[in-house]
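Novice: Sequence:
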Amino acid sequence: MNGRFEFIQWGRAILLTLLSLVVAISIALFIVINISPFFITIPKHLLGLSAAELMADYGNVIKYIQLPTQRVFKLRYLPIDPSAVHHFKDVKRLILLNEAVMLASIPLLVCGLKKQKRQNQLWRLILPFQMLFILLLFSGFIGITNFNAFFIKFHYLFFSNMDWLFDPRTTPIILLMPEKFFTVLFGLWLGFTLIILLLIWGWIKLMLSIFFNKART
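If you're matching positions, the sequence shown starts at -3 in our numbering and goes up one per residue.
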């Protein structure tokens, strides 16, 4: 009986750690998408358009991929190839899925952590979280140092076509998003993911500290 209890409790701790990762990843992605305009590269004299006009079209991209009510994708100033439109439609599905996961996973995590606290089982999260931090730092280092290979593998994994290969002549908006742009966003996403996990970790440590202080008195 005791062995079964231990198995269930450790299993729950691992699941909560993975759920924390899902929450952190989804929130970090949401944040990075919405701050990405601050990291856009504005090419000089692109089709004779001003920086404001180029940013307006990038803003249209951001709104389209995040708003479920916006079903038609159009750029006001820049031309765009039909295959690129199809790619942004695929991206929209992934982003909306991420936002749905974010909204569903946050309350689940809160309830799970409260239950662990109520049952005095928060201590079981320490080891899984430590292993998670090591794994994230290692994989993040590999991703940043080999970003081009990582970027290509990511697209092969999540997209079933080659529409993500934009031709700058027919879809010039890609000139606003060179490889360096995506590298920076990946670094920001990794950073925000770690920060959110550290906040959860900090709360766990605080609750454990309060519990042990009460136990001593």
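These are calculated hints, taken from the structure and not from any lab test. Among the clues, some could well be false.
Claimed, not checked - Mimicking BS3-like on lysine-lysine, the simulated pairs with C-alpha atoms at most 30 Å apart in a straight line are:
(1) K111 <-> K210
(2) K149 <-> K70
(3) K59 <-> K40
(4) K111 <-> K70
(5) K40 <-> K176
(6) K59 <-> K70
(7) K59 <-> K85
(8) K176 <-> K88
(9) K176 <-> K59
(10) K88 <-> K149
(11) K70 <-> K176
(12) K40 <-> K70
(13) K113 <-> K201
(14) K113 <-> K40
(15) K210 <-> K149
(16) K110 <-> K176
(17) K149 <-> K85
(18) K85 <-> K176
(19) K111 <-> K88
(20) K40 <-> K111
(21) K176 <-> K111
(22) K110 <-> K88
(23) K110 <-> K40
(24) K59 <-> K149
To be verified - The calculated label-pair distances, taken between Cβ atoms and stated as ranges, are:
(25) F129 <-> Q66: 53 to 63 Å
(26) Q66 <-> L133: 33 to 43 Å
(27) M203 <-> I27: 24 to 34 Å
(28) L194 <-> I10: 47 to 57 Å
(29) F34 <-> Q66: 19 to 29 Å
(30) L14 <-> S205: 19 to 29 Å
(31) S205 <-> D163: 53 to 63 Å
(32) F207 <-> I10: 15 to 25 Å
(33) L133 <-> I10: 27 to 37 Å
(34) S156 <-> Q66: 37 to 47 Å
(35) G(-1) <-> L184: 37 to 47 Å
(36) L194 <-> F34: 18 to 28 Å
We put the CB at the ideal spot given by N, CA and C, even for glycine.
Novice: Hints first: check each against the structure and report whether it holds.
Specialist: Now for the hints, and whether the structure bears them out:
1. K111 <-> K210: OK: K111 and K210 at ~19 Å, within 30 Å.
2. K149 <-> K70: 28 Å, holds
3. K59 <-> K40: Status holds; Cα separation ~24 Å.
4. K111 <-> K70: Not OK: K111 and K70 at ~47 Å, beyond 30 Å, violated.
5. K40 <-> K176: 17 Å, holds
6. K59 <-> K70: Holds. K59 to K70 sits at ~11 Å (cutoff 30 Å).
7. K59 <-> K85: 12 Å, holds
8. K176 <-> K88: Holds, because 22 Å separates the two Cα atoms, which is no more than 30 Å.
9. K176 <-> K59: 22 Å, holds
10. K88 <-> K149: Judged against 30 Å, a Cα distance of about 19 Å means the pair holds.
11. K70 <-> K176: 25 Å, holds
12. K40 <-> K70: 23 Å, holds
13. K113 <-> K201: At roughly 11 Å apart (the allowed maximum being 30 Å), K201 and K113 satisfy the hint.
14. K113 <-> K40: 56 Å, violated
15. K210 <-> K149: 51 Å, violated
16. K110 <-> K176: Cα-Cα ~41 Å, so violated.
17. K149 <-> K85: It holds: about 20 Å lies between the C-alpha atoms, which stays within 30 Å.
18. K85 <-> K176: 23 Å, holds
19. K111 <-> K88: 35 Å, violated
20. K40 <-> K111: 56 Å, violated
21. K176 <-> K111: 43 Å, violated
22. K110 <-> K88: Roughly 33 Å separates the two Cα atoms, so the pair is violated.
23. K110 <-> K40: 53 Å, violated
24. K59 <-> K149: 26 Å, holds
25. F129 <-> Q66: 53 to 63 Å: 37 Å, violated
26. Q66 <-> L133: 33 to 43 Å: 37 Å, holds
27. M203 <-> I27: 24 to 34 Å: This hint holds: roughly 25 Å between Cβ atoms.
28. L194 <-> I10: 47 to 57 Å: Taking Cβ atoms as reference, L194 and I10 lie about 19 Å apart, which means the hint is violated.
29. F34 <-> Q66: 19 to 29 Å: 22 Å, holds
30. L14 <-> S205: 19 to 29 Å: The hint (19 to 29 Å, Cβ to Cβ) holds, given that L14 and S205 are roughly 24 Å apart.
31. S205 <-> D163: 53 to 63 Å: 57 Å, holds
32. F207 <-> I10: 15 to 25 Å: 21 Å, holds
33. L133 <-> I10: 27 to 37 Å: 19 Å, violated
34. S156 <-> Q66: 37 to 47 Å: 23 Å, violated
35. G(-1) <-> L184: 37 to 47 Å: 44 Å, holds
36. L194 <-> F34: 18 to 28 Å: 23 Å, holds
Hints 4, 14, 15, 16, 19, 20, 21, 22, 23, 25, 28, 33 and 34, counting from the list given before, are not met by this structure.
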